[in-house]
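Visitor: Sequence:
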Amino acid sequence: GIRVNAIAPGEIDTAILSPGTDKIVETIPLRRLGTTAEVADIIFFLCSQQASYVTGSEIHINGGQHV
Numbered sequence: 033g034i035r036v037n038a039i040a041p042g043e044i045d046t047a048i049l050s051p052g053t054d055k056i057v058e059t060i061p062l063r064r065l066g067t068t069a070e071v072a073d074i075i076f077f078l079c080s081q082q083a084s085y086v087t088g089s090e091i092h093i094n095g096g097q098h099v
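Going by our numbering, the sequence shown opens with residue 33, and the numbers climb by one from there.
Just so you know, the hints here were simulated from the structure itself, not pulled from any lab data. A quick note: this is a predicted structure, and the numbers were derived from the prediction, not measured. Keep in mind that the hints are not guaranteed to be accurate.
[As the list claims (entries may be wrong)] Straight line, CA to CA, 25 Å or less: simulated DMTMM-like cross-link-like pairs of lysine to aspartate or glutamate: (1) Lys55 - Asp45; (2) Lys55 - Glu70; (3) Lys55 - Glu43.
From just these sequences and the hints, can you work out the full model?
Guide: Printed below as a string of structure tokens:
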């Protein structure tokens with residue numbers, strides 16, 4: 033069976049951050065940027081047997097910016 037899921041990362045702390053990103057942190061409910069490890073954890077979960085019944089989902093990884 034084919035399952036289709038998506039991730040929607042918000043501001044993630046990488047080497048290619050846009051100028052002014054530090055001001056965005058103030059608007060994030062968790063008051064920090066996400067990490068690449070946190071994004072990887074979600075991808076790993078979606079590829080695992082633990083997510084075998086998950087389909088048609090968009091998972092937001094954004095510290096609460098999108099509720």
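Visitor: Run every hint past the structure and note whether it holds.
Guide: These are the hints, each one checked on the structure:
1. Lys55 - Asp45: holds, 13 Å
2. Lys55 - Glu70: holds, 21 Å
3. Lys55 - Glu43: Holds, at about 11 Å.
Going through the hint list in order, the structure satisfies each hint without exception.
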